[in-house]
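Colleague: Respectively, the protein sequence lines represent chains G and Z. Read left to right, the first sequence gives residues 199 to 413 (our numbering). Read left to right, the second sequence gives residues 2 to 104 (our numbering).
A few of these clues could be false.
Unchecked claim - Cβ-to-Cβ under 7 Å is the rule here; a few derived chain Z residues that face chain G: (1) Pro3; (2) Ile6; (3) Ala15; (4) Asn21; (5) Ala32; (6) Ser37; (7) Tyr40; (8) Ile42; (9) Val50; (10) His51; (11) Trp59; (12) Met73.
What the hints contain is simulated information worked out from the structure, not anything from laboratory work. Being a predicted model, the structure only gives us computed values, none of them experimental. Ideal Cβ placement from N, Cα and C applies to all residues, glycine included.
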Amino acid sequence: MSESWKALGEVFGICLLPAVAMAAGSVLVQYYRPGRLLSTALEQFAAGVVLGALGLDLLSMLSTAHGLTIIAVNAGFISGVIFMFLMGRVVPLFIGDPGDILDLHELQPLQVREKLIDASETLDIKISGPIPMGFVASVMINSVIDGTHRSIIAFEELLLTSRVHNCHRLAGRYRVRVGQWCLGNGHCFGGRNVPGMHCPATANPHLLLIWQPLS
Amino acid sequence: MPVGIPISGALGSALLVQLNPEGSMFLCIIAFGSASLIYLITNELLTAVHMNPDCDRWFISVQLFVGFWVTMLLKVRTVRCPSCTCGCLTHTHQPALLQQLGG
């Protein structure tokens, strides 16, 4: 095996650590949800770690720039800023604001329902065709957060054999439904993001929003 | 998603190892990554922290510095002294360290 393949394998192994940690965290969060304080402390810690990596590793590499390479550094930095701001603007157009959806997970069931109904009156969500974008967004966020392929499997099954429990109200041009998606076999999708959400009461309560255009 | 991390890491490594570490393209990519990380810190992590007024506690604020400190410790401990052969991770040799850190 050549040196370059060995190095590649080494990098792959190192990069496997965060992947395994992410998967382990996904499993762990099914059994234990950290509180606000712990989550915030961990986010602050992560910010410090990233800041350290940035300052100690990346910026020291950039200090070797000289002559024309300074232009390349500036171009790379500016394009990075533009790219990230564009991502910040474009991604919510497709999946909604992840921050808002994640915030909903922290609220109590009644607050969630009120918040969603209020939000639905101001939301400007474009829907084309029969795809429930709110549902798709929730599944995507679920997948991103949990990193499990259970969501994907459930999503595929759901498209085929699903029904939604009624709990809806009209909001502008759309009917907003707050409730659960359950598979044809009675298994309700999700069930961990909004503990205690009953609409109506069944096992594994889970919140999903479906915006349907009124005919 | 977790599978994407090692794959993209290996791909990025295979790509970057072909480039000259002092060349324009390499530095451009590093600068791009730096900007992305600054965005991540300022617009995602720190924003999320300060959005919650309940979490305005000293032991939470200090976690930022703890995180930086941990990274600093790891960095210092994993930079090996090229002029010595002991291979001890805790061994530090200031001039060699500075040479490595400064590129």
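Colleague: Each hint needs a verdict: does it hold in this structure or not?
Modeller: Against the structure, the hints come out as follows:
1. About 4 Å separates the beta-carbon of Pro3(Z) from the nearest beta-carbon of chain G, less than 7 Å, and the hint is met.
2. At about 4 Å, the closest approach between the beta carbon of Ile6(Z) and any beta carbon in chain G falls short of 7 Å, and the interface hint on this residue holds.
3. Proximity of Ala15(Z) to chain G holds as hinted, the smallest CB-CB distance being about 6 Å (cut-off 7 Å).
4. A least Cβ separation of about 10 Å between Asn21(Z) and chain G goes past the 7 Å threshold, and the interface hint is therefore violated.
5. Proximity of Ala32(Z) to chain G holds as hinted, the smallest CB-CB distance being about 3 Å (cut-off 7 Å).
6. Proximity of Ser37(Z) to chain G holds as hinted, the smallest CB-CB distance being about 5 Å (cut-off 7 Å).
7. This hint holds: Tyr40(Z) has a C-beta 4 Å from the nearest C-beta of chain G, less than the 7 Å allowed.
8. Because the smallest distance between the Cβ of Ile42(Z) and any Cβ of chain G comes to about 5 Å, under 7 Å, the interface hint for this residue holds.
9. Given hint, Val50(Z) at the interface with chain G, holds; its Cβ is 5 Å from that chain's nearest Cβ, closer than 7 Å.
10. Annotation: His51(Z) was flagged as interfacial toward chain G, and the flag is violated, the nearest CB pair being 9 Å apart, outside 7 Å.
11. Given hint, Trp59(Z) at the interface with chain G, is violated; its Cβ is 11 Å from that chain's nearest Cβ, farther than 7 Å.
12. Annotation: Met73(Z) was flagged as interfacial toward chain G, and the flag holds, the nearest CB pair being 6 Å apart, inside 7 Å.
Hint check: violations occur at hints 4, 10, 11; the rest are consistent with the structure.
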